[in-house]
Each structure stands twice: as C-alpha cells, then as structure tokens.
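Q: Dock chain B against chain A, hints included.
Residue numbers (my numbering), protein chains in the order written: chain A, 167 to 293; chain B, 54 to 537.
I should point out that these hints are in silico values taken from the structure, not numbers from a laboratory.
Just so you know, not all the hints are guaranteed correct.
Said to hold, decoys possible - Here are the simulated SDA-like cross-link-like pairs (lysine to any residue), alpha carbons at most 25 Å apart as the crow flies: (1) Lys288/A x Leu335/B; (2) Lys479/B x Val491/B; (3) Lys214/B x Glu271/A.
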Amino acid sequence: MILALVLTTGLAVAAGVYLTLAPDLFRRLLGLAVLGSAVNLAVLVAGRVGPTAPPILRAGAETLAAGAANPLPQALVLTAVVIGFVLTAFAFVLAVALRERVGTEDSDAIRAAEPPPVDPVKPPLED
Amino acid sequence: MGGLVLTPLLVPLATAILVLVAGDRAALRRVLSLGGALALLGCTLALLVEVEGAGRVAVALGDWPLPFAIELAADRLGASLALVTAILGVAVVLQQQSSADPAPESPGLHALIHGLLASVGAAFVTADLFNLYVWFELMLVTALGLLAHGGAARHLDACLKYLALQVLGTLLLLLAIALVYGATGQLNLAALAGAGGVPPVAVALLVIAFLIKAGAFPFFAWLPASYHTLPAPVLALFGGLLSKVGVYAVLRTLGDVYAGAPALFYEALGWVAVVTMVAGVLGAAYHWDLRRILAFHVVSQVGYMLLGIALASRAGVAATLFFTLHNILAKAALLLIAGVAFRATGHHDLRRTGGLYAGRPLLAVLFLVSALSLVGVPPLWGFWAKFSLVRELLLEGRYLWGATALAVSALTLYSMAKIWLEAFWKPHPGGRDVGAPVPGLVPAYVGVSALALAVLAVGLAPEALLRLSEAAASSLRISGGSAP
Numbered sequence: 167m168i169l170a171l172v173l174t175t176g177l178a179v180a181a182g183v184y185l186t187l188a189p190d191l192f193r194r195l196l197g198l199a200v201l202g203s204a205v206n207l208a209v210l211v212a213g214r215v216g217p218t219a220p221p222i223l224r225a226g227a228e229t230l231a232a233g234a235a236n237p238l239p240q241a242l243v244l245t246a247v248v249i250g251f252v253l254t255a256f257a258f259v260l261a262v263a264l265r266e267r268v269g270t271e272d273s274d275a276i277r278a279a280e281p282p283p284v285d286p287v288k289p290p291l292e293d
Numbered sequence: 054m055g056g057l058v059l060t061p062l063l064v065p066l067a068t069a070i071l072v073l074v075a076g077d078r079a080a081l082r083r084v085l086s087l088g089g090a091l092a093l094l095g096c097t098l099a100l101l102v103e104v105e106g107a108g109r110v111a112v113a114l115g116d117w118p119l120p121f122a123i124e125l126a127a128d129r130l131g132a133s134l135a136l137v138t139a140i141l142g143v144a145v146v147l148q149q150q151s152s153a154d155p156a157p158e159s160p161g162l163h164a165l166i167h168g169l170l171a172s173v174g175a176a177f178v179t180a181d182l183f184n185l186y187v188w189f190e191l192m193l194v195t196a197l198g199l200l201a202h203g204g205a206a207r208h209l210d211a212c213l214k215y216l217a218l219q220v221l222g223t224l225l226l227l228l229a230i231a232l233v234y235g236a237t238g239q240l241n242l243a244a245l246a247g248a249g250g251v252p253p254v255a256v257a258l259l260v261i262a263f264l265i266k267a268g269a270f271p272f273f274a275w276l277p278a279s280y281h282t283l284p285a286p287v288l289a290l291f292g293g294l295l296s297k298v299g300v301y302a303v304l305r306t307l308g309d310v311y312a313g314a315p316a317l318f319y320e321a322l323g324w325v326a327v328v329t330m331v332a333g334v335l336g337a338a339y340h341w342d343l344r345r346i347l348a349f350h351v352v353s354q355v356g357y358m359l360l361g362i363a364l365a366s367r368a369g370v371a372a373t374l375f376f377t378l379h380n381i382l383a384k385a386a387l388l389l390i391a392g393v394a395f396r397a398t399g400h401h402d403l404r405r406t407g408g409l410y411a412g413r414p415l416l417a418v419l420f421l422v423s424a425l426s427l428v429g430v431p432p433l434w435g436f437w438a439k440f441s442l443v444r445e446l447l448l449e450g451r452y453l454w455g456a457t458a459l460a461v462s463a464l465t466l467y468s469m470a471k472i473w474l475e476a477f478w479k480p481h482p483g484g485r486d487v488g489a490p491v492p493g494l495v496p497a498y499v500g501v502s503a504l505a506l507a508v509l510a511v512g513l514a515p516e517a518l519l520r521l522s523e524a525a526a527s528s529l530r531i532s533g534g535s536a537p
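The following block holds chain A by itself, in its conformation from the complex:
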C-alpha cells in the first residue's frame, strides 16, 4: 500500500514539474495543482498508512486500540486540499482575466508588469 502511494507521489511530482516547465500559462498552473496533490499524498504517506480501524475511544478507555488509523494526517491534508483548491480556482480565474487583457497564453510573452528594456543601460521609463 505504501509502495503504491509512494510511486504515485513520484509520478505526480514528475508530471507536475513537466507541466510547470511548459510555456503555456494554463499548463503551468495545472502543473502547480498537480504538484500540490503530490505533496498532499506525501503528507498522507508520512502518517501511518495501513491501520483502518476508526480512531474512536471506547467508553472509559484512555488509549486507542492497536489497529486504529491515525486521523491527524487526514485532517492536515483536508486543510491543505481546501487551501489548494482555493488557490487553483483563483489562479485560473486570474489567468483567464489576464489572457483577456494581454491576448496571449505564452507566459514568456506576458510582460505587462515588467516591460522589456529598450535602452541597453537604463530601465524603461515608468509612469
């Protein structure tokens, strides 16, 4: 089980890095989202994977039964998933709005915030 999760994580990291290095704006953002999922998997693997009994204390008991799952990584991943979802959604809305304004999806060609210099010595004149 752990081996499968680890291999999946590695595969997701590879896919994420590949997509992130693409010139296309949307592929890059998709790559970041995939990388985020890979890291979430890593958090899950870092906890105890394997035991599946619900981590609920029996009445009067002070400790969990031996085969209980570890609930904490799942809580952590849930938090990370929510934040990751928000950021991904925001990033894509942002990218669509940006594409409308500059008319291209080539992220190397988008220089709206940093116009390329025309003079070899001095930076371009700003407002």
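A: Then chain B, alone, in the frame of chain A:
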C-alpha cells in the same frame, strides 16, 4: 490573562469582518478600520508588557493537553514583532484614509489589509508548525487579493507571478512538514525541539521554503516582479512586513527549534545572505522607479537579517531581531513617503520627478531621517542595528561577511543619494508646482511622522530595545557564540 496571545489574530480578523459588514458606508468603514488598527496596537502593547514580565505567554486551544492542542504562544521575539506589525498597520490604514492613493477605494480593501495583518500577527505567535503553514497560506491569499485589486493587465501579471512562485514555496513547506511529522509524529514547536531523529534534509527543506518566503537569493524573483504594481499604502504593508515573516520563520527554525542543526546549514545560510545583500542592492542601483528601487532594497536588507542568524549565536540572533524591528518601520516609512511624493509630483520615475525639497520640506526631512537610518547613519536606529550586527560578524571572525555588509551599506547610500538628488533636489522637469496644497494628505503625514519619530527616538535611546532583543535571544534555544 493568556487571552492576549490571541489578539494579534482575533482583533484584525474581527475588524476585517466588521469592515465587510459595513459594506458601502465608506465613513463607517474607515472609522472601523482605524479603530481596529488602534485596538490591535493597544492589545499587542499589553501583550509585550505581559511577556516582558512572564517571559512566555501561551494558550492551548480547545483545552486539549499539549502537544496535541494547537498552541499559540508569545515570547519576546514574537510579541515584539507583533507590536511592530500593529504600529505599521496603523500607519498604513492612516495613509489609506488620506488622499495619497487617488484611486477609488473598493469596499473590500480594508478587509484585505486587516486579513493580512491577522495572518502576519498569527504567524508571529503560533507555536505549531502546521498552524504556521496555514498562516503563510492565509497571508498568500490576502496578498493575492491586494495584488489583483487594481485589475489592470500589469496588476494581474504581477499577481500571477507572485502566486506561482509563492505556491512553490508553500508546497515545499508542506512537504517539509510532512517529513518532519513522519519522522517525529509531532507538530508542536516545543515538542519538535525535544524530539530527536529529524532527518537534516527535512530541516533543509523547511529552511528553503522559508527562504522563498523571505525573498532570499536565488528565490527572490517574485518580489521585484510584483511589488511595484501596488498602490503606496499596500506597498508599505508588503515591503515592510511580508518578507520579514519568512525571516522570522528561518529564525524560529535555525535559531530556536532546530538550533542544533549541522554547522553547514549556518555556513550556507551566511553565503546565501551575502549574495542576497549584493544582488538586492545592485538591482536597486539599476532602477529609476522609486517603488522598484525600494523593493530591491527589501531583498538586500533580508540579507542582513539572515547574516545574524547565520552566526549561530545568541548575540547574532539578538542583532537580527533588533535589525528586523528597525527595518520594518524604516522601510515602511520610505514606501509611504514614496506614496506622498507620487501624489505631489505625479510620477514614480526619478527621471520625471523633482522639486520635493523646495515644495515639501517636511517630507524631505522625513525622507532624510528614514533613508539615512536605512543606510545606517548615527544617531538613528539603523546605525545601532547595523553596528550591533557588524560588530558580531567581526567578533566571530567573519571578516568577509562584515566587509560585504559595510560595502552594501555604501551602495544603499548611493541609492538613497540618487533618490535625494533626483526627486528632492532637482527642480521638477515638468515645471509642476510640487508644493501646491493637496487636500486630505494630513493622515499620511501623521503616519509617516510617527514612524520617522520612532526611528529617531530609538536611535537616541537604543538601550531598552537592545536589552529586549538580547532577552528575546536568550529565551531561545540557540546557545554558543564566542562573542563576549
């Protein structure tokens, strides 16, 4: 009385909600926003006084036993930074309420500002590693809102670049937390410091993630790519605070929780700091846009702060804290002055401005105080900050690092002299009457004057704050240091 620890988080959060509820009523929104900022200032001041007496004030949320509860704890380090955050918050809200930023103010702006203050304040007082990650994410979300706020192509472009590089940082942070948790089963910072068996690679990953947040070389590309698109009050908030949270996190990691990290880490951090200082100041020397110059100086000064941590000594950490407290206020003052200067001259580019010394002498004096303090000229706060840092560097035998720090100061002076000559000394090239009265600028002047006065006052009497920094460093887990 442990409840005060929650105020750096709860007061700005409550203010943000109230401001949102106020909706379209602009006057009410402004009163609430300023009231919230002042309340935060009072609460953090009370917190610092309490911490000064007790040493450490902590609250375990949800009444769970430690280390399972999420703990919020303020020591002198966190409380002093939270206080400076609140001071900066008041100055920023004051300028936002002045006419320094002529763009119409959208209803959500004050809520975003207070959201940012809440996440920064909470990051300073949390004692839980995963909780720290959450505050970094909230900081990122509110910062994105503020960056995209303008809505033009350059704002969105800057916002997207900021997002992509920052998300990479938070992903590395989360991965590092996963490794640390996997190795120790702990997330509470005090428990982590006690638990052994953390692989050095996890600590390295943690530090790299925080260095991305701090804007250290070679991870600072997000900072000069985005900061110059912000309106002046928000720019002061970003330039003053955001990268310093990353520095604080590095300090908390290598100076407190993992103070026993391999010596190689500190050595590497020192060289990263040296290159950061040089790269930042050279970037600033190239630019002519006031906002870009000051943004690159943010990078440069992060290098100084990291140098103190790289000394791996109590005195070094104390110097870093003292320097950081100064830098947040002086840098913010300069960025707020840039906003007023833009309002008076109509331009940010130094080649198009001028005449501020003749037209606005008070602004010129405020700029001189803040700029010379940033350079490190006595008798200002910045002199003591650089003096204590360079003194430690030399005492520890780090002559090359110390010499670089001094050389970078000279280049900082060059940048400030350039701004002074171009924006203040020479006449306005467009022949504009720079001294013409602008209605509604008084709140901006009040905020900037308060910051400049603080810089001057601490410069004349640095004893109390130096003692506070030393006490803060001695309550951390860092030991050693051969300096007397």
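Q: Kindly indicate which numbered hints from before are broken by the structure, ordering the numbers from low to high.
A: none
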